[in-house]
Every structure is written in structure tokens, then in C-alpha cells.
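Visitor: Sequence:
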Amino acid sequence: MKAQITFCIGIRDVSERFESILLKSLKPIREKVLLSVYDMGSCEEETHKQMNSLDGFNYFYQREEANMFSRTRSLNMAAGNSKSNYLFFCDVDIAIPGNFIKEYFQNVCPNKVWFPIVWSQYKDKPVKIGDNSTGWYRKTGFGMMGATKENFNQIKYDETLKYWGLEDQRFFNKSKKKKFQIVRRQSQLVHYWHPKDTDWHLGKGNNK
335 MKAQITFCIG
345 IRDVSERFES
355 ILLKSLKPIR
365 EKVLLSVYDM
375 GSCEEETHKQ
385 MNSLDGFNYF
395 YQREEANMFS
405 RTRSLNMAAG
415 NSKSNYLFFC
425 DVDIAIPGNF
435 IKEYFQNVCP
445 NKVWFPIVWS
455 QYKDKPVKIG
465 DNSTGWYRKT
475 GFGMMGATKE
485 NFNQIKYDET
495 LKYWGLEDQR
505 FFNKSKKKKF
515 QIVRRQSQLV
525 HYWHPKDTDW
535 HLGKGNNK
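In our numbering, the protein residues as written are 335 to 542.
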């Protein structure tokens, strides 16, 4: 049996997308994965919903009192709490395909880092991977990433970047400088459309 993969997830008040997209897609493989969830200041009601949605999963959940969400800090902390050596960094609006475990271990091993190219859904369109009228491959995106914990700890996400943006690009560039083998190819991971919270991306609010 392959070693378990830890999904490292940062959240703040996103219980609806967390449960309906990411966790729903993970249920068929939940016995093969671990979850390390780092919550940056969700309100009491959202915290309760998020923890209830984790029922049936093998998970570690930590909450921090915070005025705003920091993706870099939440993912670094989630990785630090992981008990396994295989990590996957994932957002709550990503659906995981059934072949994920096989694909992960084809693309991740010591000194080999995987940045899957995610299919991104257009607003009000069905999810049809490869149909350019319904979505597109995010070829310039590096937000979803798989690495061993040892390799991740050599770089980590740059916490001087307080809000959303550039942290994944910076990690990608540092991986190249470390001369890790980089894997970039189209995958069946799907990013589901949702409204963008401009204030949160600018560090003025949360990430609803």
C-alpha cells in the first residue's frame, strides 16, 4: 500500500465550497488520504460547519484567531502539522478526480515536484474537461502542488507575501533553483467557478 497523502488546506469561512466541492470529491478516496486543515479565524458558526463536514475523514484541524486570511501562513502551518511525508496543497474550490492517487505517485517523489495544470470552469457552464466553450486549462497557474515534506521544508511559502498572489509562482521558481525535477502537465483536477472577493485578495477582508 502506498504511503498516505496529506492534503494541506487553508480556510476561512468557506464551509459551503469546502464541503460541496473539495470534500465531496475526496470521499471516494478518503481512506487513502489525510487532511491537515488550518483555519485562520472563521466565525464560530462556520467553524462548526467545517468541522462537521470532516466527519469520516482522517484529519487534523487547527484554528488561529486572525483578522484576515493569509494563504502562505495557512499552508505552511498545515504542512507543519502533517504526519506524512507526501503533501498536496489544495484550495477548497478544487474537485479531485478518482485517479488522483495513481497520478500523484507518478509525479511526486524525492526531488520531484508536481504542479498540475488545472481545468477551470467558466461561470454558468457545465464541467466538460477539454471543451473550450465550458472552461480552460490554467497553464500559468501554480497554486495546486504536490511535494514530499522534506522538499517542501527546503522552500516553504513566502510569508512576507501576506495576501493572495505570487506565492505559488515564487515557490515554483525556487523549486527550479533547487534543481528539483518539475512536472507540469494537464490534469483532471477541476477549479469550480465562484465570485472573486476583491477585498480579500487585497488583504482587506476574508475569503468568502
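Honestly, the hints are just simulated from the structure, not real lab data. Backbone N, C-alpha and C fix where the C-beta goes; we use that ideal spot for every residue, glycine too. Mixed in with the good hints there might be a few duds.
Claimed, not checked - Cross-link-like lysine-lysine pairs, in silico, DSSO-like; alpha carbons within 30 Å at most: (1) K511 <-> K490; (2) K462 <-> K483; (3) K457 <-> K530; (4) K459 <-> K511; (5) K358 <-> K483; (6) K459 <-> K508; (7) K512 <-> K462; (8) K510 <-> K417; (9) K417 <-> K511; (10) K358 <-> K446; (11) K462 <-> K358; (12) K490 <-> K459; (13) K361 <-> K512; (14) K473 <-> K436; (15) K462 <-> K490; (16) K473 <-> K512; (17) K361 <-> K511; (18) K459 <-> K446; (19) K358 <-> K511; (20) K530 <-> K459; (21) K436 <-> K446; (22) K457 <-> K446; (23) K473 <-> K383.
What the hints assert, rightly or not - Restraint-style ranges between C-beta atoms, simulated for each label pair: (24) E365 <-> N507: 32 to 40 Å; (25) G499 <-> K361: 25 to 33 Å; (26) S354 <-> N433: 15 to 23 Å; (27) E365 <-> K483: 19 to 27 Å; (28) D492 <-> K417: 20 to 28 Å.
Visitor: Now look at each hint and say whether the structure bears it out.
Guide: Here is what the structure says about each hint:
1. K511 <-> K490: Holds, at about 14 Å.
2. K462 <-> K483: Roughly 33 Å between the alpha carbons, so the hint for K462 and K483 is violated.
3. K457 <-> K530: holds, 12 Å
4. K459 <-> K511: Roughly 39 Å between the alpha carbons, so the hint for K459 and K511 is violated.
5. K358 <-> K483: holds, 25 Å
6. K459 <-> K508: Not satisfied, since the Cα-Cα distance of roughly 36 Å exceeds 30 Å.
7. K512 <-> K462: Judged against 30 Å, a Cα distance of about 36 Å means the pair is violated.
8. K510 <-> K417: Satisfied, since the Cα-Cα distance of roughly 26 Å is no more than 30 Å.
9. K417 <-> K511: holds, 27 Å
10. K358 <-> K446: holds, 28 Å
11. K462 <-> K358: holds, 18 Å
12. K490 <-> K459: violated, 35 Å
13. K361 <-> K512: violated, 35 Å
14. K473 <-> K436: Roughly 22 Å separates the two Cα atoms, so the pair holds.
15. K462 <-> K490: Violated, at about 34 Å.
16. K473 <-> K512: Holds. K473 to K512 sits at ~22 Å (cutoff 30 Å).
17. K361 <-> K511: With a Cα-Cα distance of about 36 Å, the restraint between K361 and K511 is violated, given a limit of 30 Å.
18. K459 <-> K446: violated, 35 Å
19. K358 <-> K511: violated, 36 Å
20. K530 <-> K459: holds, 17 Å
21. K436 <-> K446: The hint holds at about 15 Å.
22. K457 <-> K446: violated, 34 Å
23. K473 <-> K383: violated, 34 Å
24. E365 <-> N507: 32 to 40 Å: holds, 36 Å
25. G499 <-> K361: 25 to 33 Å: This hint holds: roughly 31 Å between Cβ atoms.
26. S354 <-> N433: 15 to 23 Å: holds, 21 Å
27. E365 <-> K483: 19 to 27 Å: Holds, at about 21 Å.
28. D492 <-> K417: 20 to 28 Å: Since D492 and K417 have Cβ atoms about 25 Å apart, the given range 20 to 28 Å holds.
Comparing the model with each earlier hint shows violations of hints 2, 4, 6, 7, 12, 13, 15, 17, 18, 19, 22, 23; every other hint is respected.
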